[in-house]
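Chains as they are written, first to last, in my numbering: chain A, 9 to 110; chain B, 5 to 633; chain C, 93 to 280.
Check before you lean on any hint, since a few could be wrong.
Pulled a few chain B residues facing chain C out of the computed Cβ check, cut under 10 Å [as the list claims (entries may be wrong)]:
# : residue
1 : V594
2 : F629
3 : V632
For each label pair, taking beta carbons as the anchor points, the in silico distance ranges come out as [what the hints assert, rightly or not]:
#  : chain 1 : residue 1 : chain 2 : residue 2 : range
4  : C       : F109      : A       : D67       : 24 to 34 Å
5  : C       : A227      : A       : T106      : 48 to 58 Å
6  : C       : F172      : A       : D101      : 19 to 29 Å
7  : C       : W191      : A       : S107      : 42 to 52 Å
8  : A       : T106      : B       : P583      : 26 to 36 Å
9  : A       : R96       : C       : L160      : 50 to 60 Å
10 : C       : R237      : A       : L98       : 27 to 37 Å
11 : B       : V632      : A       : D67       : 39 to 49 Å
12 : A       : S107      : C       : I263      : 38 to 48 Å
13 : B       : L622      : C       : L160      : 27 to 37 Å
No wet-lab data here; the hints were simulated from the structure.
Positions of the beta carbon are idealized from the N, C-alpha and C atoms, including for glycine.
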Amino acid sequence: MLGPDVTWYLVISGILFSVGALGVLLRRSPLIVLLSVEIMLNGANLALIAFSRLHGESDGQVFAIAVMAVAASEVVVGLGLIVAMSRRNLALDVDRLTSLRG
Amino acid sequence: MTSVWASWITLLSPLAAALAITLAGTSLSRRVAGIVATTGTSVAFVAAVVAFVDLLGEDGEQRSHLDTAWTWLAAGNFRIGVEILVDPLSVFMMLVVSGVGSLIVAYSLGYMDGDDEERRFFAYMALFVFSMLLLVQGGNLLMMLLGWGLVGLSSYLLIGFHHERPSAIAAAKKAFIMNAFGDATFALALFLLIAHNRSLSFDALGEIDGASSTVRNLVALGLLGGAVAKSAQLPLHTWLPDAMEGPTPVSALIHAATMVTAGVYLIVRAHEVFEAAWVVQNLAAIIGAVTLLVAGLIALVQTDIKRVIAYSTMSQIGYMFLGAGLGAYANAMFHLMTHAFFKALLFLAAGVVIHALAGEQDMRRMGGLKRLMPFTYWCFLIGALALVGIPPLAGFFSKDSILAAALDRGALGAILFSIGIVGTFLTGLYTFRMLYLVFHGPRSVFVSEHHHRYHGREGPATMLVPVAVLAALSVVGGWLQFAGVWTPVTDFLDPVAEQIAEANTWKEILASVLAVALGICGMLVAWAMYSARSWRVPSWRPVRRVLEEKLYWDRLYDWIFYIPASWSGRAIMRWFERPVIAGSAIGIGVGARESGELASEVQTGYLRAYALAIAAGLAVLVLVFISVK
Amino acid sequence: MIVVASVGNVVVWAVWFVAAFACIGSALAVVSFQNPFFSALALIGNLASLAVLYLLLNAEFVAAAQVLVYAGAVMVMFLFVVAYLGGEADAPWAGGPSWHVIGAVAAAAAILTEIVVVIGVKAGDRLSREEDIRAAFGSPAEIGRLFLTDHLLAFEVTSIVLLSAAVGGVILGHHSRRFDDPAIADRP
Numbered sequence: 009m010l011g012p013d014v015t016w017y018l019v020i021s022g023i024l025f026s027v028g029a030l031g032v033l034l035r036r037s038p039l040i041v042l043l044s045v046e047i048m049l050n051g052a053n054l055a056l057i058a059f060s061r062l063h064g065e066s067d068g069q070v071f072a073i074a075v076m077a078v079a080a081s082e083v084v085v086g087l088g089l090i091v092a093m094s095r096r097n098l099a100l101d102v103d104r105l106t107s108l109r110g
Numbered sequence: 005m006t007s008v009w010a011s012w013i014t015l016l017s018p019l020a021a022a023l024a025i026t027l028a029g030t031s032l033s034r035r036v037a038g039i040v041a042t043t044g045t046s047v048a049f050v051a052a053v054v055a056f057v058d059l060l061g062e063d064g065e066q067r068s069h070l071d072t073a074w075t076w077l078a079a080g081n082f083r084i085g086v087e088i089l090v091d092p093l094s095v096f097m098m099l100v101v102s103g104v105g106s107l108i109v110a111y112s113l114g115y116m117d118g119d120d121e122e123r124r125f126f127a128y129m130a131l132f133v134f135s136m137l138l139l140v141q142g143g144n145l146l147m148m149l150l151g152w153g154l155v156g157l158s159s160y161l162l163i164g165f166h167h168e169r170p171s172a173i174a175a176a177k178k179a180f181i182m183n184a185f186g187d188a189t190f191a192l193a194l195f196l197l198i199a200h201n202r203s204l205s206f207d208a209l210g211e212i213d214g215a216s217s218t219v220r221n222l223v224a225l226g227l228l229g230g231a232v233a234k235s236a237q238l239p240l241h242t243w244l245p246d247a248m249e250g251p252t253p254v255s256a257l258i259h260a261a262t263m264v265t266a267g268v269y270l271i272v273r274a275h276e277v278f279e280a281a282w283v284v285q286n287l288a289a290i291i292g293a294v295t296l297l298v299a300g301l302i303a304l305v306q307t308d309i310k311r312v313i314a315y316s317t318m319s320q321i322g323y324m325f326l327g328a329g330l331g332a333y334a335n336a337m338f339h340l341m342t343h344a345f346f347k348a349l350l351f352l353a354a355g356v357v358i359h360a361l362a363g364e365q366d367m368r369r370m371g372g373l374k375r376l377m378p379f380t381y382w383c384f385l386i387g388a389l390a391l392v393g394i395p396p397l398a399g400f401f402s403k404d405s406i407l408a409a410a411l412d413r414g415a416l417g418a419i420l421f422s423i424g425i426v427g428t429f430l431t432g433l434y435t436f437r438m439l440y441l442v443f444h445g446p447r448s449v450f451v452s453e454h455h456h457r458y459h460g461r462e463g464p465a466t467m468l469v470p471v472a473v474l475a476a477l478s479v480v481g482g483w484l485q486f487a488g489v490w491t492p493v494t495d496f497l498d499p500v501a502e503q504i505a506e507a508n509t510w511k512e513i514l515a516s517v518l519a520v521a522l523g524i525c526g527m528l529v530a531w532a533m534y535s536a537r538s539w540r541v542p543s544w545r546p547v548r549r550v551l552e553e554k555l556y557w558d559r560l561y562d563w564i565f566y567i568p569a570s571w572s573g574r575a576i577m578r579w580f581e582r583p584v585i586a587g588s589a590i591g592i593g594v595g596a597r598e599s600g601e602l603a604s605e606v607q608t609g610y611l612r613a614y615a616l617a618i619a620a621g622l623a624v625l626v627l628v629f630i631s632v633k
Numbered sequence: 093m094i095v096v097a098s099v100g101n102v103v104v105w106a107v108w109f110v111a112a113f114a115c116i117g118s119a120l121a122v123v124s125f126q127n128p129f130f131s132a133l134a135l136i137g138n139l140a141s142l143a144v145l146y147l148l149l150n151a152e153f154v155a156a157a158q159v160l161v162y163a164g165a166v167m168v169m170f171l172f173v174v175a176y177l178g179g180e181a182d183a184p185w186a187g188g189p190s191w192h193v194i195g196a197v198a199a200a201a202a203i204l205t206e207i208v209v210v211i212g213v214k215a216g217d218r219l220s221r222e223e224d225i226r227a228a229f230g231s232p233a234e235i236g237r238l239f240l241t242d243h244l245l246a247f248e249v250t251s252i253v254l255l256s257a258a259v260g261g262v263i264l265g266h267h268s269r270r271f272d273d274p275a276i277a278d279r280p
């Protein structure tokens with residue numbers, strides 16, 4: 009294959025995943041958290057495509073498309089939640105949502 | 005066999021009465037409950053008479069039937085059955101128990117009339133009669149022990165009948181605990197018997213001869229312990245005076261006529277064991293003698309009419325123990341029978357007095373009742389004369405033959421004889437002291453204010469009739485045996501318990517003369533002190549003190565048993581129970597709650613903290629998977 | 093790693109590097125920007141560079157889907173919401189390194205290290221031998237064929253997921269009169 013090995017793509021995938029995790033853990037705005045989750049999902053997708061290329065089977069790509077569909081659904085619901093939260097004048101700050109305490 | 009099924013009827017009809025009263029509950033009126041109980045015990049008596057008559061129709065040696073209902077315990081070749089024994093001794097006791105018992109239950113119809121818990125009383129009385137019959141009819145030692153325990157239970161229930169009174173509850177507990185001690189020694193003796201004889205039946209008792217002397221003595225000692233506790237002899241006697249807290253019919257039935265005589269019955273029934281351990285048998289006689297003396301002395305200073313009669317009972321049972329300990333079994337049983345008559349008579353007559361005085365029992369407040377209650381007075385007098393042993397009343401015939409048998413036994417016998425003779429003096433003294441204080445003299449203030457008649461008579465008919473019957477029995481009951489001349493009682497009991505102490509006619513006459521003479525002396529002294537008032541009652545303060553404190557026996561037991569037990573109980577409570585046991589139980593709860601609170605600190609509600617936990621967990625898990633793979 | 097010195101190879105490497113750096117850089121930008129609008133734009137850049145990477149891996153259809161669906165639809169939705177909400181900002185790196193920040197960085201670093209180590213240690217040699225691929229490797233025909241034969245169940249289930257998400261979205265967005273009442277709108 010031309011260009012770098014599958015290994016390099018996997019490293020990128022790992023970095024993407026970690027950066028996404030960092031974002032989920034560090035940001036307080038739920039919107040940004042959702043974006044970070046998207047990054048993590050994309051990282052996983054990249055790994056899937058890379059392995060699909062490695063084995064020469066297209067099943068990984070099929071899986072990646074399914075992941076994309078699920079990610080889209082999850083974004084819909086997540087954004088709906090955020091909008092509902094703001095409509096009820098809740099603070100858009102995950103640190104303030106502590107009613108599960110205790 | 006007529007006698008066998010008649011005996012079963014005797015045993016079971018009081019039980020049926022008790023069950024009927026218990027199960028029917030309040031659907032029976034109180035009066036009807038009493039009638040049911042009376043009927044049950046009367047049926048038992050009739051059946052006992054039938055069994056007796058049937059037994060008489062057989063030859064001497066044939067008169068022993070062991071009937072097994074079913075096998076209760078079976079282990080290897082050791083078998084115990086639920087069985088009753090119909091033989092002269094058991095039929096004798098059956099007649100006494102059911103006869104006197106039914107009279108007293110009938111009396112209770114009048115005495116307990118109006119009490120709120122009359123049904124409970126009659127159920128307990130019927131239960132008691134059943135238990136006592138089981139004791140005397142039991143075909144082996146285990147059945148006897150079963151009856152033994154049940155009479156102890158019935159006694160507890162009946163002494164504590166007025167359970168609102170703390171003194172009654174305390175007395176019931178005291179009686180039960182002291183009896184439990186005797187039950188324990190009884191059971192230990194049974195264990196030894198099983199170990200050696202491999203059987204608890206009465207026929208096999210003689211095999212204890214083959215054991216070592218230690219075992220023989222231990223078995224006999226264990227049985228004696230049970231007898232001493234049940235019959236309130238020294239040193240296990242302190243419960244009997246307190247047991248007077250129970251209603252008067254209870255005192256009459258349980259603590260005079262029947263239960264307390266169970267110890268004597270045991271010694272006679274198991275006489276082979278005692279004859280194999282003659283040391284213990286002599287000990288029984290000595291205990292009887294000492295008890296009769298001590299009880300007589302204490303009775304001299306009692307002020308409660310029932311307690312005088314209670315100590316008198318203790319004393320008379322001492323005579324029976326003396327007789328059984330000497331080997332004069334038939335004499336002891338004969339005295340048991342006559343004693344049942346006149347002691348029950350005394351109690352019931354005293355009950356009429358108490359009933360008429362609205363519950364007063366202190367003799368110092370009584371006096372002059374002779375003219376107010378003549379019928380009761382004459383019956384009481386008959387009972388008193390029978391007790392002292394004045395011919396031709398019942399006590400004369402039975403008591404004197406025991407004393408005569410003592411003369412047959414060498415040096416020890418002579419000592420015991422002297423004690424017994426002194427006892428007759430004391431009997432005369434305390435009995436007539438009681439009579440004079442209650443009935444003679446001017447009418448006391450209390451009597452004038454509180455005496456009341458029952459519809460113009462001295463008491464209800466249900467109370468007076470049994471008293472009259474017992475008075476008649478106290479007169480004629482002794483005529484069943486005249487020592488040396490006519491001895492149907494001894495002959496009847498001979499196949500079961502052969503007398504080993506027989507006095508010749510000369511000794512009998514000596515004993516009788518001395519006994520009657522001293523008894524009359526006691527009566528005269530009492531007359532002088534309490535009726536004619538010509539002699540001043542000596543107020544030897546220290547002696548009086550000792551006697552009033554019942555020879556300090558209660559104090560002694562307090563010090564030996566009660567105080568250490570309650571001290572150690574409190575100490576254990578403080579040092580062990582509360583900190584360790586309760587503390588650990590509470591501590592588990594507290595600890596669970598605290599650890600729960602500690603654990604709940606993890607749930608901060610912070611989303612990011614949870615996410616961090618997930619990420620960290622993921623990192624750790626991957627590490628684990630890598631290294632394990 | 094055998095470097096084939098040919099023009100095509102060099103071009104591919106160059107494109108790869110550009111796409112890779114764009115990808116990682118935009119990811120870091122998403123996480124760092126205070127303004128959510130800029131974060132969303134950075135994510136669009138991330139998605140585009142990922143599409144390039146997919147193309148380099150011969151997954152044409154997936155690359156196209158990525159651009160159309162993800163960057164085209166999902167991110168547009170995001171931007172709509174960001175515009176509606178007005179973009180409240182929070183400063184992620186302000187306040188100094190608290191235990192939370194340290195913990196988060198440590199966890200992320202650990203995960204990254206582990207991924208690299210795992211891949212390197214466990215599957216190092218196998219990763220360097222790629223299979224030859226057919227011409228129809230990443231084509232829509234191939235994907236479609238697989239969806240309708242081998243992975244039919246996944247196909248159907250995914251459609252149900254999408255349906256439930258749509259329903260959820262409608263419910264969540266339902267304009268309830270109750271919550272317009274100012275008296276009870278301030279509940280936490």
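Hint check:
1. This hint is violated: V594/B has a C-beta 32 Å from the nearest C-beta of chain C, more than the 10 Å allowed.
2. Because the closest C-beta pair between F629/B and chain C is about 9 Å apart, less than 10 Å, the hint holds.
3. Evaluation of the V632/B hint against chain C yields a violated restraint, the C-beta minimum of about 13 Å exceeding 10 Å.
4. A C-beta distance of roughly 29 Å is found between F109/C and D67/A, which places it inside the suggested range of 24 to 34 Å.
5. One distance hint, 48 to 58 Å for the beta-carbon pair A227/C and T106/A, holds here, with the actual separation near 56 Å.
6. Between F172/C and D101/A the C-beta distance comes to about 21 Å, which sits within the given range of 19 to 29 Å.
7. At about 24 Å, the beta-carbon gap between W191/C and S107/A misses the expected band of 42 to 52 Å.
8. Range check, T106/A to P583/B: about 41 Å between beta-carbon atoms, so the 26 to 36 Å window is missed.
9. Remark: the range hint 50 to 60 Å for R96/A to L160/C is contradicted by a beta-carbon distance near 34 Å.
10. Judged by the Cβ atoms, the range 27 to 37 Å given for R237/C and L98/A is violated: they are separated by roughly 47 Å.
11. At roughly 28 Å, the beta-carbon separation of V632/B and D67/A lies outside the given 39 to 49 Å, and the hint is violated.
12. At roughly 21 Å, the beta-carbon separation of S107/A and I263/C lies outside the given 38 to 48 Å, and the hint is violated.
13. Distance hint check for L622/B and L160/C: the Cβ-Cβ separation is about 32 Å, which falls inside the suggested range of 27 to 37 Å.
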